[in-house]
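Q: Each chain, written out:
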Amino acid sequence: MLDIFQYSFMVRAFIAGSMIGVIAPLIGTFLVAKRYSLMADSLAHVSLAGVALGLLLGIYPVYTAIAVSIFTSIVIEQLRTKYKVSGEIALAMFLSGGLAIAIVLIGLGKGFSVDLFSYLFGSITTVQTIDLWIIGTLGLIILSVVWLFYKELLYLSFDEEAAQVSGIPTKTLNLVLMILTALTVSLAMRVVGTLLIGALMVIPVVTAMQFRQSFKKTILTAILLSLFSVITGLFASYYFNLAAGGIIVVIALGLFGGSTLFAKKMIK
Amino acid sequence: MPLNHTPIVQMEHVSFEYNSARVLDDINFTISAGEFVGIIGPNGSGKTTLLRLILGLLTPQEGSVLLFGKKSHLGQNAQEIGYIPQKVTQLETRFPITVEEVVALGRVSQRGLFRQLNFDDRQAITEALDLVQLTQQRGRLITDLSGGQQQRVFIAKALATRPKVLILDEPTVGVDIESQEKFYQLLAQLNKEHGLTIIIVSHDIDVVVNEVSTVLCVNKTLIYDGTPKEFIKEDYIEKLYGKGRRFILHNH
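Chains as they are written, first to last, in our numbering: chain S, 1 to 268; chain P, 1 to 252.
No lab work stands behind these hints, which were simulated from the structure alone. No residue lacks a Cβ here, since even glycine has one placed at the ideal position from N, Cα and C. Among these hints, one or two may not hold up.
Computed footprint of chain P on chain S; a stretch qualifies when at least three of its residues, placed anywhere within it, have a C-beta under 8 Å from a C-beta of chain P [what the hints assert, rightly or not]: (1) 148-155; (2) 165-175; (3) 205-214.
Can you build the whole structure from these sequences, using the hints too?
A: Okay, here's the thing in structure tokens:
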């Protein structure tokens, strides 16, 4: 057996990383298809405010991050549908707004800046057993919701108006997708950190799209690419002493670069 | 043409306003089963609004819109309607979805939540692809097809629903002339051989008046409701578009 697996913290890292590696590109595919990829980044910044709030109140930060980002995703959807605030504007407001609140909260509780740092850039090697339970449970919920509403979510992403005409409750479904995004972002925080979550949700999807396959196969390819990035990234971080979150995203980017060359060859 | 006068769409004293600007004023008409209706009018005449009212995407401030004899509600008649939005020009160029996956979306309204596609759905999808002659292309990405082929994919998607009425919004925008002709042939075939009621919104008056059985001409109010022959005889077109436009009616 590889010595890397003798450490229980590395085993937990692999378990958590693999679960996030599946969920992030799964939700990411729908976001990219809807041209909503920035949503992940905005909610990530908002979830950082949730982390700060949790640290300040002495509540486990993942819980407050989940609560705050879900709450915000609902507010953004309301702004979009009721007050016709455009998606981009809402996102810009919340991306910086979330960070602003986080900074204020950090200022209030001077002592926890080190903890917060680990949520900013991820610290997969400090993943606790409780994190595995949270990620596992909520991850399973995310997977089942997507499985149950797959064709509706695909329709929503492809053509919202036609979906509406065919009787799909598009407003509710949009909200569901936003809540799933909020959950994914909060869960992925421990693995790659709030600043890099967007990358893990988007880059493997864009890479998979290079292969010009069906929607289903694109999702599966994106998941494989992201799992590969997470697992090789964890090995690299252990053996070469690199920051896990960073190297995972760098590998994902490398795969994207490679795929552009490969895709060109395939078309020729 | 199998006209049995079952009303499909009934508009009674319908008026619609966007931000208190009246777009449609006191519209009345009935579309019966088996008709091939062209809704025409200049830009900003309210023809697309009219279509959205029929679909239930909009609700009128005054009057009532009846679909199959019942007040039009979104999704209520989803299984009877094949809606083909003005899509070709808006199609996201990188969206990874195959022809078959698009056509399968036409079955969503038949299935309801939680249900997976079954044998009946597969059959409807195959039939629809057959009818528009895209069986060979079923595994290809829709974005790899030509504008005319893409338009046929959307027809197949609508047909997979096995609808009673096809509703099309500016379907030939971004489609070359040759494909347009084929496209209208296909619509005529669906209308005559399959008895589908067809409602089409278009700014392309020349083509529409040659294909449809009924012309509805709107410009805020309903200006004309009748056969295309009469429409061309009278000077409606000059009234709408100014002098100098001529129309040639082909004989089919």
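Q: Now look at each hint and say whether the structure bears it out.
A: Okay, the hints, checked on the actual structure:
1. 148-155: Since three or more residues must qualify, the claim that chain P covers the region 148-155 of chain S holds, with 6 doing so at under 8 Å.
2. 165-175: holds (count 5)
3. 205-214: Our answer is that it holds, as 5 residues pass the Cβ test (under 8 Å) against chain P, meeting three.
Going down the numbered hints, you'll see the structure goes against none, and every one checks out.
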